[in-house]
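J.: Listed below, chain by chain, are the residues.
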Amino acid sequence: MTPMWYIVLSAILFSVGAVGVLIRRNAIVLFMCIELMLNAANLALVTFSRINGTLDGQIMAFFVMVVAAAEVVIGLAIIMLIFRTRRSASVDDANLLKY
Amino acid sequence: MDKLKLPDMDYVALLPMLALFVAACLGVIIEALVPRRFRNIIQLVLSIVALAVAMFFVVKQSGEVVASKALTAGGAIMIDHAALFLQGALIVLGFVALLLFGERSLEFGGPFVAQAAVTVGSERDREQTGRELGSTETFPLALFSLSGMLLFVSANDLLTMFVALEVFSLPLYLLCALARRKRLLSQESALKYFLLGAYASAFFLFGVAMVYGFAKAVDFKAIHAEALLGEGNSLLLIIGLALLAIGLLFKVAAAPFHVWTPDVYQGAPTPVTAFMASCTKVAAFGGLLRVLYVGFDGLGWQFTPVLGAIAALTVLVGSILAVTQTDLKRLLAYSSVANAGYILIGVIAGQQLGLTSVLFYLVAYGFTVIAAFALISLVRDADGEATHLSRWAGLGARSPLYAGIFTFILLAFAGIPLTSGFIAKLSVFGAAIDGGQTWLVIIGVITSIILAFPYLRVVVMMWLSEPGESTPSVSIPGGLTSTALGIGTLATLVFGVVPGPLLDLAEKASSFVR
Amino acid sequence: MTAIDVMLSAVGLVAVGSALAVVSTQHLVRAGLWLVVTLGAVAVEFLLLRAEFVAWVQVLIYVGAVVVLLLFAVMLTRAPIGRSTDLDRPIGPALLIGAGSGLGLAGLFAWVFRDMRVNPPPTGSAQRVGEAIFGDWVLPFEVLSVLLLAALVGAIVLSKKDT
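Chains as they are written, first to last, in numbering that gives the first Met the number 0: chain A, 0 to 98; chain B, 0 to 513; chain C, 0 to 162.
None of these hints come from the bench; they were simulated from the model. Honestly, I wouldn't trust all of these hints.
List of simulated lysine-lysine pairs, DSBU-like, C-alpha gap at most 30 angstroms [what the hints assert, rightly or not]: (1) B:507 with C:160; (2) B:220 with B:507; (3) C:160 with B:59; (4) B:181 with B:4; (5) B:59 with B:220; (6) B:59 with B:507.
Reference listing, derived: stretches of chain B covered by chain A, where coverage requires no fewer than 3 residues with Cβ under 8 angstroms from a Cβ of chain A [said to hold, decoys possible]: (7) 159-169; (8) 188-201; (9) 204-210; (10) 215-223; (11) 375-385; (12) 488-495.
Derived DEER-like restraints, expressed as beta-carbon distance ranges [unchecked claim]: (13) B:500 with C:109: 36 to 44 angstroms; (14) B:5 with C:151: 38 to 46 angstroms; (15) B:47 with C:12: 52 to 60 angstroms.
Quick caveat, the model's predicted, so the values are computed rather than measured. Glycine is no exception: its CB is placed at the ideal position from the N, C-alpha and C atoms.
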């Protein structure tokens, strides 16, 4: 079987996520796009793990999932904190710092 | 089922990290058990003890580094001279920054908000700003972050590096959101830092995947061997390195990945800014050095032109945008961007000379920048810190001592002789000329001159303007801020007058074990 | 073309399609739901790659926990249930850069691995993954627990209110 398509798929998913971060405004959706990128990286890791014939890639994918979970916790805590004041989760409304 | 076979663990090598981690856990327990008014002092003492223990073990190991035994914990960490030097630097700088965390005399309750969950601008919020003691969970969070940094500079494979990167970043995102005053600004800086940081680490991760695809392993020795061998498609390796570099250059705040720096430096509580400006830089450059010198050395430094372009862009962006700033914290942020560029020049210079200059620069800059932010935390009015440039006019007449110290610090940033900044720049540029990167040195010198302008403008404003109605008073610092300020300033002076010992130490440390 | 290849392409198309939907839908809640589809499709790809453990962890952690948290956050921030004006920034340049680099990357991979054939490797069962984690990777694994603890403490600091 050919592993090529898996890697091509991961590259496509990664760039879809990367573009999403650039064009969306809602912090939570931005976050979903980042999750998409992490998942694409996981797919690449697992595929390379298969190509290389070692388990390391799968271990890494597992680690990345845990890291992503921790990131979600922090990210949502910060987003909720700001939302309490601003009543909006749009990153463009959060613009005190832009000038 | 067979018994699991654990790899060899050299626990002494892990002790510096373990000490900080244990102290952080104890700190969490203290939060639960001890009444609020005692927490600050207990947390501070605990943190300092932990840092002292960590430093003890770092120094103890530095005498007995053996190349064959440097690799430990299943190949996850490498305790060589460079790692120990960086760890020592991180611990010392972390100690000075933590002193600022503990300051309670400048403002009732310290620099951190009492309860972050209280809605900004509400009645309850106004009440807590003036009357409640600040949260002290900041100490355990800072210790978590520091232990991640210690791991980051000694990580020997990309996976450990990625995990360590997250361990030191996540607490920093949180710490940014905890300012007592101007809370909205602080929270937005945290959001910005977090989103961009997570974005950058996603790129880092995809880079790890590509390197793994090329080298069949992620430890630096294997990557080096595969790169030397040159089988397979090296384009994979180069793009992988580029993606890794995005993640690392984001952390060091190199252009064009610097956009978060001014906002985050401005919005974060000043002690946290000091911590980030000094320790994060050391950690991120430590990681970058290891990746480039140990992992990707086999590429034959083909990437030098690209890194050179980034370094040139970084110093240009940092120095030119610093000129236009009207807020001191933003000005220092752009100055830190420019300094990241100078350090990058040293990284590109290569060889032992370049490494030595980078290590020296990191330590010298770390001390100076902590002193600078310590001083900024002193100049305040009724609303907290007065960071707008115009407010500093005439400060020299109000409080000549602090204006004098700040002048000295700014001169150090500008690289005037008899300060550590001068020696640091000199050694970096010297190494770059030695490494054949003369064009970078020319750009470096030009931007140093541009950068001197905003610094001198502040100096002129402080000394030659009449103090006006709006010139804020300078708070008399408590013992902690004075100590931090004193250490930072003294180090700036000492490393400028007798740089020999630190340079020797850096030279001894400038060797990586592969 | 084997049965696995057919499945791979079908699931891959689902993954890409739903990923595009996540990025382009104007309904915030639907973006979260499309994310579930993408992550599920990637989990199937993991299974096809014989990474059983990773696939199930993906379902448990991502679909089970992360997305649910995200959806809660969307609802807590009172996102409009209908369309929102979330997508009205200029998307041209980002699209151009992203599509360019994405296609470049995909093309590179397709070229590098064009003739690659691999034999089915040993499966990534929970036992083998566990042995590897607690063997060579034990230090990073333990550090992960530090990370989770720090995240936990931090999230509580940010959201706990004394009455």
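J.: A separate judgement is required for each hint: does it hold in the structure or not?
T.: Results for each hint:
At most 30 angstroms may separate the alpha-carbon atoms for a hinted pair to count; residue 507 of chain B and residue 160 of chain C exceed this at roughly 50 angstroms. Among the hinted pairs, residue 220 of chain B with residue 507 of chain B is consistent with the structure: their alpha-carbon atoms are about 22 angstroms apart, no more than 30 angstroms. Only pairs whose Cα atoms come within 30 angstroms are accepted, and residue 160 of chain C paired with residue 59 of chain B is rejected, the gap being roughly 44 angstroms. With a CA separation close to 53 angstroms, the supplied pair residue 181 of chain B and residue 4 of chain B exceeds the 30 angstroms bound.
A threshold of 30 angstroms between alpha carbons decides the hint, and for residue 59 of chain B with residue 220 of chain B the separation of about 26 angstroms falls inside it, so the pair holds. A hinted pair counts as satisfied when its Cα atoms are at most 30 angstroms apart, and residue 59 of chain B with residue 507 of chain B qualifies at roughly 15 angstroms. Evaluation of the coverage hint for the region 159-169 of chain B: fulfilled, as 4 residues show C-beta separations to chain A shorter than 8 angstroms, against a requirement of three. For the region 188-201 of chain B, the stated coverage by chain A is satisfied: 9 residues place a CB nearer than 8 angstroms to a CB of that chain, which reaches the threshold of 3.
For a cut-off of 8 angstroms, the count of residues in the region 204-210 of chain B with a CB near a CB of chain A stands at 5, and the three-residue condition holds. Only residues whose C-beta sits within less than 8 angstroms of a C-beta in chain A count toward coverage, and the region 215-223 of chain B has 3 of them, enough to reach three; the restraint holds. Restraint check on the region 375-385 of chain B versus chain A: 0 residues with Cβ-Cβ distances below 8 angstroms, three needed, restraint violated. Residue count for the region 488-495 of chain B with a Cβ under 8 angstroms from a Cβ of chain A: 0. That is fewer than the three needed, and the coverage hint is violated.
Distance hint check: the CB atoms of residue 500 of chain B and residue 109 of chain C are about 56 angstroms apart, inconsistent with the given range 36 to 44 angstroms. The supplied range of 38 to 46 angstroms is broken by residue 5 of chain B and residue 151 of chain C, whose beta-carbon atoms lie about 27 angstroms from each other. Take residue 47 of chain B and residue 12 of chain C: their Cβ atoms lie about 58 angstroms apart, and the range 52 to 60 angstroms holds.
Hint compliance for this structure: hints 1, 3, 4, 11, 12, 13, 14 are not met, and every other hint is.
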